[in-house]
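Visitor: So the chains spell out like this:
Protein chains: 2
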Amino acid sequence: MKKFEEKTLNRKTIFEGRIINLYLDEVSLPNGKTSMREIIKHPGAVAVIAITEEDKILLVEQYRKALERSLVEIPAGKLEKGEDPRESAKRELKEETGYTCESLEQVTSFYTSPGFANELVHIYHAKGLKKEKELHLDEDEFVSVMEVTYEEALNLIKEQKIYDAKTIYAIQYWQLLKQQ
Amino acid sequence: MKKFEEKTLNRKTIFEGRIINLYLDEVSLPNGKTSMREIIKHPGAVAVIAITEEDKILLVEQYRKALERSLVEIPAGKLEKGEDPRESAKRELKEETGYTCESLEQVTSFYTSPGFANELVHIYHAKGLKKEKELHLDEDEFVSVMEVTYEEALNLIKEQKIYDAKTIYAIQYWQLLKQQ
Numbered sequence: 001m002k003k004f005e006e007k008t009l010n011r012k013t014i015f016e017g018r019i020i021n022l023y024l025d026e027v028s029l030p031n032g033k034t035s036m037r038e039i040i041k042h043p044g045a046v047a048v049i050a051i052t053e054e055d056k057i058l059l060v061e062q063y064r065k066a067l068e069r070s071l072v073e074i075p076a077g078k079l080e081k082g083e084d085p086r087e088s089a090k091r092e093l094k095e096e097t098g099y100t101c102e103s104l105e106q107v108t109s110f111y112t113s114p115g116f117a118n119e120l121v122h123i124y125h126a127k128g129l130k131k132e133k134e135l136h137l138d139e140d141e142f143v144s145v146m147e148v149t150y151e152e153a154l155n156l157i158k159e160q161k162i163y164d165a166k167t168i169y170a171i172q173y174w175q176l177l178k179q180q
Numbered sequence: 001m002k003k004f005e006e007k008t009l010n011r012k013t014i015f016e017g018r019i020i021n022l023y024l025d026e027v028s029l030p031n032g033k034t035s036m037r038e039i040i041k042h043p044g045a046v047a048v049i050a051i052t053e054e055d056k057i058l059l060v061e062q063y064r065k066a067l068e069r070s071l072v073e074i075p076a077g078k079l080e081k082g083e084d085p086r087e088s089a090k091r092e093l094k095e096e097t098g099y100t101c102e103s104l105e106q107v108t109s110f111y112t113s114p115g116f117a118n119e120l121v122h123i124y125h126a127k128g129l130k131k132e133k134e135l136h137l138d139e140d141e142f143v144s145v146m147e148v149t150y151e152e153a154l155n156l157i158k159e160q161k162i163y164d165a166k167t168i169y170a171i172q173y174w175q176l177l178k179q180q
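Residue numbers (UniProt numbering), protein chains in the order written: chain A, 1 to 180; chain B, 1 to 180.
Simulated from the structure, these hints should not be mistaken for lab results.
Since we're looking at a predicted model, the values are computed, not measured.
Hints are supplied without guarantee of correctness; some may be wrong.
As the list claims (entries may be wrong) - In silico lysine to aspartate or glutamate, DMTMM-like type, Cα no more than 25 Å apart, as pairs: (1) A:LYS81 with B:ASP25; (2) A:LYS12 with B:ASP25; (3) A:LYS81 with B:GLU26; (4) B:LYS3 with A:GLU151.
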């Protein structure tokens, strides 16, 4: 997997933040030339495909400052340091939707933006959903929960309210489940 | 779409690079409190699902410095300033694989990491593929082209050589095409 390896000649730390770090790497290319690479380090994230007994998917609407608008997404959150992704997925599902689940099946994992960032998202399918009473949101978290049918989800994609990789993947996964 | 809007109180420019910019925004939350948001601005990207007459998908292996390893991905590249995404997709397909196409159908677009970045990827399905003679790679670009069957693609996912959002989405899209 080291094909075309770019060796680090020098790394400059530009920013170390609460969520992301930014580094500027000087690298030597396979042809011996040098180039610069702008690199974001991110702790990784989890996301949950949760479909209720009424065949509705749980979605959350929240504001995304990077886009200056809100998006409708599957429940998700970044990994806390040292946290097991499965535990993180259970926690985010409960915090953001008020639902618990009996089991979580791993569906896939993917890097979201390998061109500049190392964010890896683990996607789980939650089974045996059960609605608890209260939501447990972080102090700075403002989300509204939705339960939508497959057709409603397709409309949300058409309206570009669902507009992110993990959620569009999740709806496509749901389509495949329906065809089984 | 301005639900739960976070108003910008102050923006600090941390870094302006060749590909990404990093800003640190102080925002006012819906409850009146303030918080900080780490924001990456990215020009956006295109990616191409290209399946040959022999029912093989075109993939490229390249080194990803952010991951310190190579990945196998569908042909893709970032948008040049002011460039039409469709033209960009044609250009990247030709540059990275040596193939041209008769037409491009838009499949979907998605934000890759809405939690911290505004990178939007446009995904096209290339039709009427034709192999040209030469590859036209950028000077700093080292890729190897692969043509793989659906079953080989599934194995590449299992081996985590295919491991990024757009390519895993593309293989799932191919699965749906096969079921039509």
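Visitor: Compare the structure with each hint and give your call.
Guide: Tested hints:
1. A:LYS81 with B:ASP25: This hinted pair holds, its Cα atoms lying about 23 Å apart.
2. A:LYS12 with B:ASP25: holds (22 Å)
3. A:LYS81 with B:GLU26: holds (24 Å)
4. B:LYS3 with A:GLU151: Roughly 23 Å separates the two Cα atoms, so the pair holds.
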